[in-house]
Amino acid sequence: MQLLSLRKANKSPLTKLEWLVIGVVAVACLRLAIPNFFELRTRAADASAYAVYEEVKDFLMTSASNSQSLPTALVFNQSGPGSLPSPFSKITLSNNVKISYIVSLHYPGFFDLTSFEVTHLYGDKRYRLVSVNNRITEQVLEK
Amino acid sequence: MNLPAEKIEPEEIGAQEPKGDPVSSSDSKVSAPSDSSVIQPALAESEQQIRDLLAKTRGQSLSKARILQPPQQVERKQLIRFSRLLQSDLFLAVLVLTALNAFIYIRYSGSSVTALSLKEANAALKENVGDDYKYLEPVSDFLNYHGEFSSEDSPEFQSSLKRFREKIAFLGTDPSELFLSSEFFRKNQGLYWSKRLSQSVTDPTQAILDRK
Chain A
233 MQLLSLRKAN KSPLTKLEWL VIGVVAVACL RLAIPNFFEL RTRAADASAY AVYEEVKDFL
293 MTSASNSQSL PTALVFNQSG PGSLPSPFSK ITLSNNVKIS YIVSLHYPGF FDLTSFEVTH
353 LYGDKRYRLV SVNNRITEQV LEK
Chain B
987 MNLPAEKIEP EEIGAQEPKG DPVSSSDSKV SAPSDSSVIQ PALAESEQQI RDLLAKTRGQ
1047 SLSKARILQP PQQVERKQLI RFSRLLQSDL FLAVLVLTAL NAFIYIRYSG SSVTALSLKE
1107 ANAALKENVG DDYKYLEPVS DFLNYHGEFS SEDSPEFQSS LKRFREKIAF LGTDPSELFL
1167 SSEFFRKNQG LYWSKRLSQS VTDPTQAILD RK
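Chains as they are written, first to last, in our numbering: chain A, 233 to 375; chain B, 987 to 1198.
Extracted from the complex, chain A is given alone in its bound form (with noise of 0.2 Å):
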């Protein structure tokens, strides 16, 4: 009896302690793993948001850089796909992609502020910038 179980036991390539060795690591891959994939559409919806953020800031910082003095401007609620309006038509949004506002008011000689919002539709977070006479403050917010 017991070489018989053995035997049986034998047909299986792998013994109960690799067995079980190899459902403990799977087990916490797919702890690692599950919320990973789940945060995925999120996650990707985010980095989207802050490409486009990256995008607009560039565009904003290099013409100050440049002493081309932007136009005053105030534009609202800029939903991709699509070029926003002049003076940024240079940027172009990506498909969920929102620009809540962006404020560009430059008063030579009195005070420079530039403010933008941008967001995803499917993403949980906001990224802003405000730059008050070329003090600028970077920052993430809750949707």
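None of these hints come from the bench; they were simulated from the model. Just so you know, not all the hints are guaranteed correct.
[Said to hold, decoys possible] Lysine-lysine pairs mimicking DSBU-like chemistry, simulated, CA-CA at most 35 Å apart:
(1) K375/A x K1153/B
(2) K1063/B x K375/A
(3) K375/A x K1173/B
(4) K322/A x K1148/B
(5) K1105/B x K322/A
(6) K289/A x K1181/B
(7) K1042/B x K289/A
(8) K322/A x K248/A
(9) K289/A x K1120/B
(10) K375/A x K1105/B
(11) K1153/B x K322/A
(12) K322/A x K1112/B
(13) K1042/B x K248/A
(14) K375/A x K1042/B
(15) K289/A x K1153/B
(16) K1173/B x K289/A
(17) K322/A x K1173/B
(18) K1063/B x K248/A
(19) K322/A x K1042/B
(20) K289/A x K1063/B
(21) K375/A x K1120/B
(22) K1181/B x K1105/B
(23) K289/A x K1112/B
(24) K375/A x K1148/B
[Claimed, not checked] Covered stretches of chain A (in silico footprint by chain B; criterion: 3 or more residues with CB under 8 Å from a CB of chain B, positions within the stretch not fixed):
(25) 248 to 259
(26) 284 to 295
(27) 309 to 315
(28) 337 to 351
Please read these numbers as outputs of a predicted model, since none were measured by experiment. Built from N, CA and C at the ideal position, the CB exists for glycine as well.
Please arrange chain B on chain A, whose structure you already have, making use of the hints.
Same frame as chain A, but now just chain B:
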């Protein structure tokens, strides 16, 4: 299954051993012991010897029929078992899942920053900007508004724009001809206004003098 009555316990086997390590002893390499009723620990060096010993011990408890194999054979068995483990579907599935997880973790690590609440963010902003925070006062409505200004006729937009124009006037700028709701255009379900301001329009000293 009944075990043969003449079999003895492993302790007794050890007791009958003459001297020294049975594995290293040359005598122990003999596959067939002199007393056929006693299963001696033996070092099997070939497949044939293993088969012989297995045939001899058939029907007996394996715990009492110990076959010592050379280390090379044990290692080879372990290697085969390990290669089977690597080839198993479950192992491959776990490996793929882990690799995918690592990719996602690295790919989106940049966007996994802890988000601040609006209150916390505004407090941090006030601290960072310092005295220049007063310039943010006129646009505070826009910075904190969560709705959508989709029409220049909406009451929310009208009231926010009114407060903005009032507050920016306190900063010494003349908004009389600026930021009129009639000058806003619509695009992408939103609104925009844009104008390049000249020094004369925005000279704060002149604006303050004009107000006096």
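Taking each numbered hint in turn, which are not upheld by the structure, reported in ascending numerical order? 2, 7, 8, 14, 19, 20 and 26
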